[in-house]
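**Student:** Residue-level listing of the chains:
Number of protein chains: 6
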Amino acid sequence: MEKIAVFPGSFDPFTKGHESIVRRLLPLFDKIIVAIGVNSHKQYFFPLEKRKQWIEQTFKGDVRVSVDNFTGLTIDYCHKMNAKYIIRGLRTTTDLEFEKAIAQMNKSMADDIETLFILPTPELSAINSTIIRDIVRNGGDASRFVPEGINLKL
Amino acid sequence: MEKIAVFPGSFDPFTKGHESIVRRLLPLFDKIIVAIGVNSHKQYFFPLEKRKQWIEQTFKGDVRVSVDNFTGLTIDYCHKMNAKYIIRGLRTTTDLEFEKAIAQMNKSMADDIETLFILPTPELSAINSTIIRDIVRNGGDASRFVPEGINLKL
Amino acid sequence: MEKIAVFPGSFDPFTKGHESIVRRLLPLFDKIIVAIGVNSHKQYFFPLEKRKQWIEQTFKGDVRVSVDNFTGLTIDYCHKMNAKYIIRGLRTTTDLEFEKAIAQMNKSMADDIETLFILPTPELSAINSTIIRDIVRNGGDASRFVPEGINLKL
Amino acid sequence: MEKIAVFPGSFDPFTKGHESIVRRLLPLFDKIIVAIGVNSHKQYFFPLEKRKQWIEQTFKGDVRVSVDNFTGLTIDYCHKMNAKYIIRGLRTTTDLEFEKAIAQMNKSMADDIETLFILPTPELSAINSTIIRDIVRNGGDASRFVPEGINLKL
Amino acid sequence: MEKIAVFPGSFDPFTKGHESIVRRLLPLFDKIIVAIGVNSHKQYFFPLEKRKQWIEQTFKGDVRVSVDNFTGLTIDYCHKMNAKYIIRGLRTTTDLEFEKAIAQMNKSMADDIETLFILPTPELSAINSTIIRDIVRNGGDASRFVPEGINLKL
Amino acid sequence: MEKIAVFPGSFDPFTKGHESIVRRLLPLFDKIIVAIGVNSHKQYFFPLEKRKQWIEQTFKGDVRVSVDNFTGLTIDYCHKMNAKYIIRGLRTTTDLEFEKAIAQMNKSMADDIETLFILPTPELSAINSTIIRDIVRNGGDASRFVPEGINLKL
Chain A
359 MEKIAVFPGS FDPFTKGHES IVRRLLPLFD KIIVAIGVNS HKQYFFPLEK RKQWIEQTFK
419 GDVRVSVDNF TGLTIDYCHK MNAKYIIRGL RTTTDLEFEK AIAQMNKSMA DDIETLFILP
479 TPELSAINST IIRDIVRNGG DASRFVPEGI NLKL
Chain B
359 MEKIAVFPGS FDPFTKGHES IVRRLLPLFD KIIVAIGVNS HKQYFFPLEK RKQWIEQTFK
419 GDVRVSVDNF TGLTIDYCHK MNAKYIIRGL RTTTDLEFEK AIAQMNKSMA DDIETLFILP
479 TPELSAINST IIRDIVRNGG DASRFVPEGI NLKL
Chain C
359 MEKIAVFPGS FDPFTKGHES IVRRLLPLFD KIIVAIGVNS HKQYFFPLEK RKQWIEQTFK
419 GDVRVSVDNF TGLTIDYCHK MNAKYIIRGL RTTTDLEFEK AIAQMNKSMA DDIETLFILP
479 TPELSAINST IIRDIVRNGG DASRFVPEGI NLKL
Chain D
359 MEKIAVFPGS FDPFTKGHES IVRRLLPLFD KIIVAIGVNS HKQYFFPLEK RKQWIEQTFK
419 GDVRVSVDNF TGLTIDYCHK MNAKYIIRGL RTTTDLEFEK AIAQMNKSMA DDIETLFILP
479 TPELSAINST IIRDIVRNGG DASRFVPEGI NLKL
Chain E
359 MEKIAVFPGS FDPFTKGHES IVRRLLPLFD KIIVAIGVNS HKQYFFPLEK RKQWIEQTFK
419 GDVRVSVDNF TGLTIDYCHK MNAKYIIRGL RTTTDLEFEK AIAQMNKSMA DDIETLFILP
479 TPELSAINST IIRDIVRNGG DASRFVPEGI NLKL
Chain F
359 MEKIAVFPGS FDPFTKGHES IVRRLLPLFD KIIVAIGVNS HKQYFFPLEK RKQWIEQTFK
419 GDVRVSVDNF TGLTIDYCHK MNAKYIIRGL RTTTDLEFEK AIAQMNKSMA DDIETLFILP
479 TPELSAINST IIRDIVRNGG DASRFVPEGI NLKL
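Residue numbers (the working numbering), protein chains in the order written: chain A, 359 to 512; chain B, 359 to 512; chain C, 359 to 512; chain D, 359 to 512; chain E, 359 to 512; chain F, 359 to 512.
Hints are not guaranteed to be accurate.
If several chains are the same, the list does not tell them apart, and a pair holds so long as it fits within one copy or across any two.
Taking lysine-lysine pairs in the BS3-like style, the calculated list, with each CA pair at most 27 Å apart, reads [what the hints assert, rightly or not]:
id	residue 1	residue 2
1	LYS389	LYS442
2	LYS374	LYS442
3	LYS438	LYS511
4	LYS400	LYS361
5	LYS438	LYS400
Please keep in mind that the hints were generated in silico from the structure rather than gathered at the bench.
Working from the sequences, and respecting the hints, build out all of it.
**Tutor:** Shown next as C-alpha cells:
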C-alpha cells in the first residue's frame, strides 16, 4: 500500500522551516501532500493562489510532493486522500500543547490516522510565519526565511 | 458556614472535562455554582441560553449544582454569591501560566477568595472547547467530547 | 463525614511557601495532615526529627493541623488516615508536568482520592527547598524563606 | 560610545512591572528609551497620548529615560536611535518562546543589536497588562498594579 | 531500501505507553528495533535480562519487531544497524526540550538520521517509568501500566 | 564606576554557546569574569584545571575577560569582586523556571545585584554540556560544540 502523508497548515507564508520538514520526511513516504487548510471565517495575509504557487515552485520537478487546499476537518481530508499520516513540525512547548490536544482528538475520531512530529534543525527553529508577516507588514526584508525564489513583496 | 465554590468559564461548550471537574469536587463543597461569564465585547459560538441549558440538564436532579451567568469581575461575583472558592481545571502548562497570573491578581484584590485547581483525568485531558467548536464548524461529530444528551448541532 | 487532607512532601526544609498553603486551605478541611514522606533510598539534608519539629512549632496551638511521617505510597497512607484529598502547591510548569503524571497515576490506582492544587502567592512563588539547602550549605542566611522561629543552622 | 537601550512594547497600560524593569536596568545604560510600538492594524485599549503621558510622569525628572513611539520594525527603530540593545521583561515560559523567536529573527536581520532579558521580582511577576485591561473593562480597581499617580479610569 | 527505525530507551520498565508507540508506528517501517541503551555508569532498577525478555514477550510472533541492547552513541548504533530513523515518544514539554537538544545534536553529528516523535494517546499519557519504579519500590501494584503478562514483582 | 559582570557556571565543559554569550555581552561591560563554581559535594566530569585553561585560551589576549573559580554563594562572590551583574544564558523553558527561582531568591538576598539573561543564537541553541559529556563518555566527537582549539579527549 502506498504510504501517503498530509502536511496541513495555513502556510501564510510557506517558510524554509516548512520546506525542510518536507525534504527530511520525503524518504519515508511515497507521497507528501502539502495541504493548505482554508477556514472561511479566517483572514489570511497572503492570497491562497500565491501561497499555493510558492509551494509548487519550491518542489517543482519532484513528483512525490503535491500541493492542494481543503476545507473541513483534516482527518476527513486524509480519508479522502487515502493518507494514513499527518506530519507536523514542532518548534516550541506552546506548540506541543496545542498540537497534542489536536492530535489526541483526531486520534479519538479517526483511529486509523497517526500524527508524526519532527523538530526543526537549529538554524531554522526560530522561523515563524507570524513574525514573517509582521516583518513584511512593516516593510522589512524577510526573504532569508522563505525558500529560494519566493518574493514576499505584496 | 456553607462552603460555596464558583466554577467560572465561558463553557462554549461545556465538555465532559468540565462535567468531571464538577463531579469530582462536589463532595468537598456544599454548593458549586457553574457560572458562565459574559463579556459584552466577546463573540460566543453557542448561544448563552443553549450553554446554560446544557449544563442544567447535565446536573439536573442534583440540588448542590446551580447554573448562572454573570458580567463583571469573577471576584465581585464570588462576593455577591458568598463563595470563598474559585475552581479551575488545569490541562496544560500554557493554561497554568495564564491561570497563575489571574489567580494571583485576584488574590491580591480579594484576599478572602482562594482558587483551587484540579487536573483532568487522562482520558479527558485532550478535550478542548476551542477544538470542539472547530469540529462543529467543519461539520464533524464532537458528541463524544460533551456530556451525554447534549446535541451540538447548530 | 470529616474532610481530611494530606499534604505530602519531603519538606527539606518546610518553607514559608508550604506554610502558606496549609493556612490558605485550612478553612476548607476539618483536618490537614502534613505528612513527611520517607524513602529509605533517598538522602535528606535536614534530619527527620528537625523537619517534623519545625512544622509542629509552626502550627502549634492549631488542633486542625497534625504532623506525621510515612513510608510507602501516598495513596495507601491516605487510605489509612481516611483522607480523601491530597493537596499540593504548584509553582512552575515543570512542577505541573510531574505532578500531573503522579496525580493521574494515583487517580487510576485510587479513584476515591482527589488531588487539589493551589498556586503560591507571588511573593512566595520563588521559594524553593532545593535552593534553600544550597544557601545553607554555602553558609548563607535563608531564614527569610522559612516560617518565623525556624533556625536552619546545622 | 553612549550605551542606549530601547524598551519596546505596547504598554497598554504601563505597569509597575514595566517601571521596575527600567529602574533596575538604568545603571547599566546611559539612556533607556521607552518606545511605544504602534501597529496601524491593532486596536489599543488606552489612547496613545495617555500611555505616553503615564510613562513620562513615572520617570519625570530623570533625563536618562525618554519616551517615544514608533511604527515599523523594532530593529529599524533601534538603528535610527543608535541603540545597540533591546530590553525585555520575561515573566512566563510562554513569553520566553515568543520572545525567543523574535529575538532570534531580529538577531539574524540585525547582528549588531542584542536583546537582554530581565525577570520580574516575585511580587510583580503576576502583573499583566491584558488582565489589567480586563479589570478596568469590568469596573474593577487596578491602580495597585500601575505606577503611583496613574489614573486608569476611562 | 528497507526502512528501519530504532526505538532507543532504558525501558526500566517497558510500559503500555512504549508498547503503543511501537504498534502505532509499525505500519510505517519494515522493521523496528527496540534498543535498550546501557550506560555503564548508570544504575537500573530492573535487570537488563528481565527488561529484554518483557519486550520480547510483548511482541513475540511479530518478526518486524526485534529487541536488542547497545552501548555507545545512539547514532553510531543506528549506523551499524542501517537504521535511518530514531523514534521517540513525547509526553510533556519538559520531555520536548531535552529531546530537542538531543535530536538537534544528533542531527548535527549524523545528518542522515531523522528523529520522529509521536504523542501518546490520552489514556496512556500519564504513564511514566520513574513513577512505576516508585510504585514497585513501595510495594504497590503497577501491573495496569505495563503490557499484559509482565510481572514487575522483584 | 566600572561595570563588572560575573558569568557563573560549572562549564563542564565550556561550549561555543558559552563563548558566544561572553562575546555578545562584552561591549556592555568593562569586565566579564567567567567564574567556575565549585561545590565540594558535586562530581565534575572534566578537571577544574582543564576547564579553567580552556576558557583562558578561548579569550586569551582580551584583557576584559578573566577566569576564576569560587566556592560559596554566587552573590557573595559578586560582592567580593565588586560585580553588580550576573549574566546567564537561557535556552529552554525548563531553564527559565529554575533560573527564575534562583534569580528571585538572589535578588531578595542581595538587592544590589541584577541578573541579566541572553538567548543563544539559533545555531547554538541546542548545545548542552550534559549531552557533550555523554558524547565524550561514549567515544563520540563533540569538538564542533566547543570553542576552536579545545581538545575534549580524556
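**Student:** Give the relationship of LYS438 and LYS400 under a CA distance limit of 27 Å: within one copy only, between copies only, both, or neither.
**Tutor:** within (23 Å within a copy, 36 Å between copies)
**Student:** First find the shortest C-alpha distance between LYS374 and LYS442 inside one copy, then the shortest across copies, and answer within, between, both or neither for a cut-off of 27 Å.
**Tutor:** both (25 Å within a copy, 23 Å between copies)
**Student:** Cα distance capped at 27 Å. Does LYS389 pair with LYS442 within a copy, between copies, both, or neither?
**Tutor:** both (11 Å within a copy, 18 Å between copies)
**Student:** Are the CA atoms of LYS400 and LYS361 at most 27 Å apart within a copy, between copies, both, or neither?
**Tutor:** Answer is neither; intra-copy 31 Å and inter-copy 40 Å both fail.
**Student:** Is the C-alpha distance from LYS438 to LYS511 at most 27 Å within one copy, between copies, in both cases, or in neither?
**Tutor:** Between copies only: 23 Å across, 35 Å inside.
Of the numbered hints stated above, the single one contradicted by the structure is hint 4.
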